[in-house]
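Given chain A's structure and the hints, the job is docking chain B onto it.
Quick note, the sequences are listed as chains A and B, same order.
In terms of this note's numbering, the first sequence opens at residue 1 and continues consecutively.
In terms of this note's numbering, the second sequence opens at residue 1 and continues consecutively.
None of these hints come from the bench; they were simulated from the model.
Predicted, not measured: the structure shown is a model, and the values here were computed from it.
Just so you know, even glycine gets a beta-carbon here, dropped at the ideal spot from N, CA and C.
Worth double-checking, as some hints may not be accurate.
[What the hints assert, rightly or not] Some chain A residues close to chain B (C-beta under 7 Å, calculated; not the full set):
1) Arg4
2) Gln73
3) Met75
4) Ala76
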Amino acid sequence: METRTTFHKRLREIQDDVLAMGSIVSKATLRSIDALKNRDLELAQQVVADDNKVNRKRFEIEEKCIEIIATQQPMASDLRIILAVLNIVSEVERIGDYAEGIAKIAIMIGDEPPLKPLIDIPRMAEKTVDMLRRSLDAFVNRDAEAAKKISTEDDMVDQLYDQVFRELLTFMAEDPKTITRATRLIWVAHNLERAADRVTNICERVVFVVTGKMEEIGASKY
Amino acid sequence: MNIKLNMPDISTRPADKCVTKLKAEGVNLYYGSFQALRNITLDIPSCSITAIIGPSGCGKSSLLRLFNRMNDLIHGARLEGNVELDGTPIYSPKIDVAELRKRVGMVFQKPNPFPMSVFENVAYGPKRHGIKSRGELEEIVEKSLRHAALWDEVKDKLGQSGLALSGGQQQRLCIARVLAVEPEVILMDEPCSALDPVATLKIEDLMRSLSEDYTIIIVTHNMQQAARVSDTAAFMMMEPDRAGVLVEYGPTAQLFTNPKDKRTEDYITGRFG
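Pulled out of the complex, with its shape left as it was, chain A reads as follows (with noise of 0.2 Å):
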């Protein structure tokens, strides 16, 4: 007979928060990019805009667990899965803030003729969402293996950022005129790196709520 049912619900809708905060700072990501794909600049700017929108959210779900923390002595898994809100938000929060620092860069870039067509950098985008987006499911269903799992493909966004950077550094060597274009690529690459990094963070903390072991997952090669 579950006896702590109001607590226990103000933990899930603690949890469904998260989530909503995951969705937006996913939404964020992909948006940079298609602004910085396709040279829109009211797009990107909705974007920085928008960032102000996670930090509060962030602020928001931390105030809960405070409170919660305050009021309610939540022990054993409960405490576990508070302090890894506490955790995982924060990391959504940075992921957030790479976004935004793609969209500042494509306000940058302007209406510059691009470089080259943009293939890589949106994979990289997309599977750092698709990570996220697993990796906070993977929390809400407590599942550590699938966490595990998850951290180890950010070996791919790390591949992917290589490649990106052989093929600007070629551009730069062979066209010293496009230096300034190919570096701020990089920036954007090396923004999109830094967040999958902050997923396999995410993913520790989920293992965390289930074992009760902190340890390091995946360690990435950046």
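Same frame as chain A, but now just chain B:
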């Protein structure tokens, strides 16, 4: 199911202080035909606080009372298995039960000072054990009251009735009364359940300081209290025939953050009980 558990590792304590003070091995306790405890095996480390938690009726108090043979006072109580204090079986016929209860003192749920002065309350035990010198008794009373963190509050009213003190003070007086006979172990059965939160925190603070010199076992319904004060914690529950079993026993930090047994997890997170 035989639960064989080693003494939990209490890393905050000096290694030489962590010896087994009390031991229960394969203990079954019956009240007439009713089995109250089933196959209890655990080692209680010295100079530490061990909390026993679990739902009502799971045998926490029965387990606590094993250690100073208070269950003997219950008609029809019968014990199987072995209980030891410092390696000596305490249910052996050779044991002097009065001497055992001097070494293993007890504090009860409701403060129960004797209807006499504060001084006499504390001096009662030592007097019973043959101390007559006024000077010696005064020394014991002051030391015990200081140790129970009550001296400063009562030093000017030692002649006043113990019943005139506040609830929290009365409970500390009862602790002083236990300390006066220089026990080695203090058993506490819900010592704060009749106290307000501030008095509760005072007793908890006192328990922490007493645990430097005494082995304390506390039964509590208040899980937060168990988490706050104890070094090791035991979780008990009832089997379908209502016999109490030990489900999990380990370092408090682990039991409350990552219990090994799902039943412990379900109980402390309020998913049953």
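Numbers of the earlier hints that this structure fails to satisfy, in rising order: Every hint satisfied by this model.
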